[in-house]
Amino acid sequence: MIHKRYTFTDKAQADSKISKFFDIDEEGNKIPNERAAFIYLDKFVLTQGEYDEEGVEIVAPTYTEGYALDVVWHDLEESPYGWKTYETEPESPCHTLY
Amino acid sequence: MATPSIAMIPSGYKDGKVYSVLPNSADGDFDFTRGSAATRVNAQGLVENVQILSSELVSNGDFSQEGSELITNGDFATDSDWSKGTNWTISGGSANCDGISATSNLSQVITSFTGKTFLVEGSASNVSQGFVYISLGGTDLQISVNSSGSFKHYVTISSGNSTLFISARNNFIGSIDNVSVKEVGQDWTEGVGVTISGGSANFTGNANAFLTQSNVVSSGKTYKATFTVSNYVSGAIDINLGGSTRQGNVSANGTYTFYISVSSGSILYFQEDFSNGFTGSIDNVSVKETTDDTDIPRLDYSDGSCPSLLLEPQSTNLLPYSEDFSQWNNIDATLISNQLSPDGQNSAYVIEGNSVGSFERIDKTTTTNATPHTFSVFIKKKTSAVSSYSGIQMGTSFSYVIFDSYNGTYNTSLNTNYDSIEVVDFNSDWWVLKLTATVTTSTRIGLWGAISEDGINISTSATGSETFFGAQLEEQSHATSYIPTNGSIVTRLADVATNSGNASLINSTEGVLYAEISALGLGASSSLGISDGSGSNRVLILLQSSGDIRGFIASNGAIVFDETYSGISTLNNNKIAVSYKLNQFILWINGVKRFTDTSGNTPIGLSDLSFDNGSGGSIFHGKVKALAVYKEALTDAELQSLTTI
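So the sequence lines, in the order shown, correspond to chains C and R. Counting in the numbering used here, the first sequence runs from 1 upward without gaps. Counting in the numbering used here, the second sequence runs from 1 upward without gaps.
Source of the hints: derived by calculation from the structure; they are not laboratory data. Keep in mind it's a predicted model, so treat the numbers as computed, not measured. Positions of the beta carbon are idealized from the N, C-alpha and C atoms, including for glycine. Do not take every clue at face value.
Straight-line C-alpha distance at most 30 Å; calculated DSS-like pairs for lysine-lysine [stated by the list, open to error]: (1) C:Lys17 to C:Lys43; (2) C:Lys30 to R:Lys14; (3) R:Lys434 to C:Lys43; (4) R:Lys625 to C:Lys30; (5) C:Lys30 to R:Lys575; (6) R:Lys434 to C:Lys30.
Beyond 12 Å from chain R on every Cβ pair, some chain C residues (computed) [claimed, not checked]: (7) Thr7; (8) Lys20; (9) Ser79; (10) Tyr86.
The task is simple: from the sequences and hints, build the whole structure.
As structure tokens, then:
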């Protein structure tokens, strides 16, 4: 089992990559064809925003670039074909597995 | 009643396996995967990481235990048990000294106590002259009492004079009463420079100080050790399990956790860090056996004494500090840490709002998708009616939830209503509040110690406090089990149990699939059933996203039975049976025959029992109290008996 971070341009690109690991049955159920867990992370806050008493934003937070996705590949020892390009190793992952 | 060929009642498990009760072979066992840790409610009603394999291994880890009374007749109710010197009398419920002689002893021999720590207490009254000199263990305890009032002292006896002396000095005139000597710090051995008193072990800076407890750990195992440092002054402290490798170098107040593999020995050993001395206190010492296995099934006791197999979807706690509320944004609130928490530790916080004229709160804003999210948090029960009410809010556009932590009730104030608000009576000490709503792309969680005086309207005049633990925000339409975080968001992966049974245990021509199950929430369908490993031949029980219960049978790709019952809630525990036989298909729920179909062929090649729809989709998420497969179609009487709640 490996746990990898990938950064895509946007969610659509991530979804497109992920879709190859599912088949759709006659009832519309997504049937995984690879034992994997996809964890949609999107962006992380780099600097916190500031908010007033009612939670209205005063100073906008800043975010990481791209669309972050963590994947746990249960049966693989390295990223599958076509994924290696998107691997990233941030200094502060901001996300862990329990 | 016929005997099932496969029966799973949650009891036995190991990493990667859920054991079935029947058959006696391994053919009925489930393969289990998750790939991460997870929490459950254990048999003691505590939230617990399933990777924790043992109960608490440290005795008296909070140093609060007191032994039995060692003094006889300490209240001087009778004139007995004490050795009285000249001038001492016992009468009127006290020992009285008349002051005629300069010195005179009152004493009592107690049991031998070398190396142990004792709490010595009593009271003096009517003191008008001189003082009493109280000693225990020779020179270890030597205190003077020269005025009326109570006295309380801890003493660690280095060698064994086993007599308590109350020695009148300087012509003492006065009375002594309520004398008590009790052992404290049981199960611990204190070295030089360590005393156990006031509910902690206190190091005084000695370069050779140590504190030990024997027979705590075993070689070849891994342990999670936690302890709290308080009153820190200088130096550093190490923890050592087994006696071979020390860890820690702790040099600040706080609660610390270490995972330690033990290669030999059995001792728990605290020692100052390499002769640098340590001045500070140790408390709340805990050692539990643990593992890094990630495919451990969860037997969950949140519904009572009978466990359920808990099967949950993947979920992420989006709040990076679920317990350490000091890391949240603080708007004038006072935080008090180290409160007893639902996991048996001291990880809860009191949030106080004591200033009239402002709303004191803590909050945390996080990025979210504009989808249904659920926030859940533990709130400690108050033991008497409240005069102020705490506040909880998920998303600034949604209502303030004004919470009564005595009754477990709430009102909402202002803004938009949530999709759902649920209060769960977790145990005798805690509520769990759950809020669900479709949020925006930025969600602020706010917690107020006091937000209302009347329980209806929010007010800056409200003052008071509330104890919170375990804040969790997840992109789900219902709350899942607690996922602790400490500095990052954390994901628990999905539970998957599959691959029980074979063709010899599952009859394709007739049989019964039975389950006692409940759903975790609405919004997603869950399936379990027997199949040929595809969608073509299968017998399924489905908990529908709508909250309905569905029985489904397919034979050679054709649907032969598909009935949905909507009269009861899938969130409750339901007993469901689907019976199949040529031209006889029946769905039973909770003792009542709900649907019958008298036409159709039976499935072909059934060989697999799994918590999915047979082809790996619609994975079951819920609680399972029982699951069984029968190789024959049972009678109505048998099915009624089997499914009656």
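Results for each hint:
no.	hint	in the structure
1	C:Lys17 to C:Lys43	holds, 18 Å
2	C:Lys30 to R:Lys14	holds, 29 Å
3	R:Lys434 to C:Lys43	holds, 26 Å
4	R:Lys625 to C:Lys30	holds, 27 Å
5	C:Lys30 to R:Lys575	holds, 28 Å
6	R:Lys434 to C:Lys30	holds, 29 Å
7	Thr7	holds, 16 Å
8	Lys20	holds, 16 Å
9	Ser79	holds, 17 Å
10	Tyr86	holds, 19 Å
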